[in-house]
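First to last, the sequence lines map onto chains A and B.
Residue numbers for the first sequence follow the working numbering, beginning at 1 and rising by one.
Residue numbers for the second sequence follow the working numbering, beginning at 1 and rising by one.
Everything labelled a hint here was simulated from the structure, so no lab data went into it.
Do not take every clue at face value.
Where chains are identical, the list cannot tell them apart; a pair therefore holds if satisfied intra-copy or between any two copies.
To be verified - When the alpha-carbon atoms are kept at most 35 Å apart in a straight line, the in silico DSBU-like pairs for lysine-lysine are as follows: (1) Lys215 with Lys24; (2) Lys39 with Lys207; (3) Lys249 with Lys215; (4) Lys249 with Lys24; (5) Lys215 with Lys39; (6) Lys39 with Lys249; (7) Lys215 with Lys198; (8) Lys39 with Lys24; (9) Lys207 with Lys249; (10) Lys198 with Lys249.
Protein chains: 2
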Amino acid sequence: MAINRIGFIGAGNVSCHMALALLKAGCTVPVLVNRQASKTNELPEILRPLVSQDISELLAAGPDLVIAAVSDGAIAGAVRPLYGSGISVVHTSGAIPSSVLEAVSRRHGSFYPLQTMTMSEPVEWREVPLCIYADDGDFQSELLELGARISGRPVLIPDEQRRWLHLAAVLLNNNINHILALVRDLMDAQQLNSDLLKPLLEETIRKAGRFDARKIQTGPARRNDQATHDIHRELLETMDGQERAVEIKALYDYFWNAIQQYYGIQLPGES
Amino acid sequence: MAINRIGFIGAGNVSCHMALALLKAGCTVPVLVNRQASKTNELPEILRPLVSQDISELLAAGPDLVIAAVSDGAIAGAVRPLYGSGISVVHTSGAIPSSVLEAVSRRHGSFYPLQTMTMSEPVEWREVPLCIYADDGDFQSELLELGARISGRPVLIPDEQRRWLHLAAVLLNNNINHILALVRDLMDAQQLNSDLLKPLLEETIRKAGRFDARKIQTGPARRNDQATHDIHRELLETMDGQERAVEIKALYDYFWNAIQQYYGIQLPGES
Numbered sequence: 001m002a003i004n005r006i007g008f009i010g011a012g013n014v015s016c017h018m019a020l021a022l023l024k025a026g027c028t029v030p031v032l033v034n035r036q037a038s039k040t041n042e043l044p045e046i047l048r049p050l051v052s053q054d055i056s057e058l059l060a061a062g063p064d065l066v067i068a069a070v071s072d073g074a075i076a077g078a079v080r081p082l083y084g085s086g087i088s089v090v091h092t093s094g095a096i097p098s099s100v101l102e103a104v105s106r107r108h109g110s111f112y113p114l115q116t117m118t119m120s121e122p123v124e125w126r127e128v129p130l131c132i133y134a135d136d137g138d139f140q141s142e143l144l145e146l147g148a149r150i151s152g153r154p155v156l157i158p159d160e161q162r163r164w165l166h167l168a169a170v171l172l173n174n175n176i177n178h179i180l181a182l183v184r185d186l187m188d189a190q191q192l193n194s195d196l197l198k199p200l201l202e203e204t205i206r207k208a209g210r211f212d213a214r215k216i217q218t219g220p221a222r223r224n225d226q227a228t229h230d231i232h233r234e235l236l237e238t239m240d241g242q243e244r245a246v247e248i249k250a251l252y253d254y255f256w257n258a259i260q261q262y263y264g265i266q267l268p269g270e271s
Numbered sequence: 001m002a003i004n005r006i007g008f009i010g011a012g013n014v015s016c017h018m019a020l021a022l023l024k025a026g027c028t029v030p031v032l033v034n035r036q037a038s039k040t041n042e043l044p045e046i047l048r049p050l051v052s053q054d055i056s057e058l059l060a061a062g063p064d065l066v067i068a069a070v071s072d073g074a075i076a077g078a079v080r081p082l083y084g085s086g087i088s089v090v091h092t093s094g095a096i097p098s099s100v101l102e103a104v105s106r107r108h109g110s111f112y113p114l115q116t117m118t119m120s121e122p123v124e125w126r127e128v129p130l131c132i133y134a135d136d137g138d139f140q141s142e143l144l145e146l147g148a149r150i151s152g153r154p155v156l157i158p159d160e161q162r163r164w165l166h167l168a169a170v171l172l173n174n175n176i177n178h179i180l181a182l183v184r185d186l187m188d189a190q191q192l193n194s195d196l197l198k199p200l201l202e203e204t205i206r207k208a209g210r211f212d213a214r215k216i217q218t219g220p221a222r223r224n225d226q227a228t229h230d231i232h233r234e235l236l237e238t239m240d241g242q243e244r245a246v247e248i249k250a251l252y253d254y255f256w257n258a259i260q261q262y263y264g265i266q267l268p269g270e271s
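Whole structure, please, built from the sequences with the hints as guidance.
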């Protein structure tokens, strides 16, 4: 049977964007349960009338599926009221196994969108890999069918692999964003416009997509160019006392060593 | 007087892409001096007849400008034969000051394209910031005019600032590429398709361009989510003995600590 009536526990970024996508795909979304009534006016206007603080309204609405999109630590507690209702339930977490929902419903699974979401920014759902898994084969098929209605890339990813995918996503998103934060600090300190780096950033990403990042590394560390290293290191010393100088130096040194070790470049003092 | 006849010392990625752009803009490129005749057949076909191993051919061609696009350490030696010719000369280095050309010509400067270039990939010159500087004001104006013929973003960047820009470019390009290399190792080890991460990567970059990366950091380190940290750390331990396990763990730990420190998150044991 196709899933059409979908309730949410949680009214954060993932809940809201997913609810909007499901509504657009012709599904019904009777209720979003939100513990913090105060935040309702920050939600997209179309969702506000659907928000309730009372989970019994969700149960009364008779949904085909409940999507629990709350923080990892809150999942088990948030779904407890569904116990005994026979309602199918999934969560949207990358790190937590779907079995955390086992006690609540035989039909339990994972519905994890591999994308970073902000309330104010539209989500390109056609491009978002939607990672799906359920112990129950029939339920899994229904979830895949539902996933295909909002995402161009519904994929079957078992719990164990999804944990790795989540780890990779964190390494990629948070760490690249941190490099961009420190580079911005550096550009600000030298009164340089960060926009100058935009074409380079875009080309870096484009190339790593077309080729294998491991085969196209360039730069002074990769070619063991000590003269450029010394120029950069000297420059960095002149930042002493400025904001973020310590952090920027640490970043430079960490990657210099990491790249040299990765590509097996002989370090001074090694034989 | 406008610069129209431009010779090159060097026939690497930057020389070739810049020569192609100048030819397309209607300039004349009489000669590219290349010490390694062996590599000529790797060059774009249109440039091959222009390549010479003999710098006297460059001098004889009477160029308005010579662009020395060779490695940093080779610049001073490569331009020495121009001494006394009165020919204007620039280099394309980010890290080296333009004054390294002072002894060769009064009209010396910098012509630094802020982009990563590969022989096989076309360069979107309209998007490439071209960083220009010369001591001589008239010469600088001529370089800016020439730069505007190939780039949509000719910018005046003095030597000192250009060094910082180069440092920022290295931090950004090489370090992000290294993260992408290690994430690919991780995905390969778990038999996951790296393409799954592409929409997340693109959104990460898009958001950092629209907002300030320092204000949109998310993830377990930023919100001090120790439970997720422990799940990730446990997973990483299971990689022991696999290729790149040590490097991936080091990357994870480095950024966990760096992000926590950057955002002033209290570390265990601190008061």
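Report task. Enumerate the violated hints, using their earlier numbering and listing them in ascending order. Result -> 4 and 6
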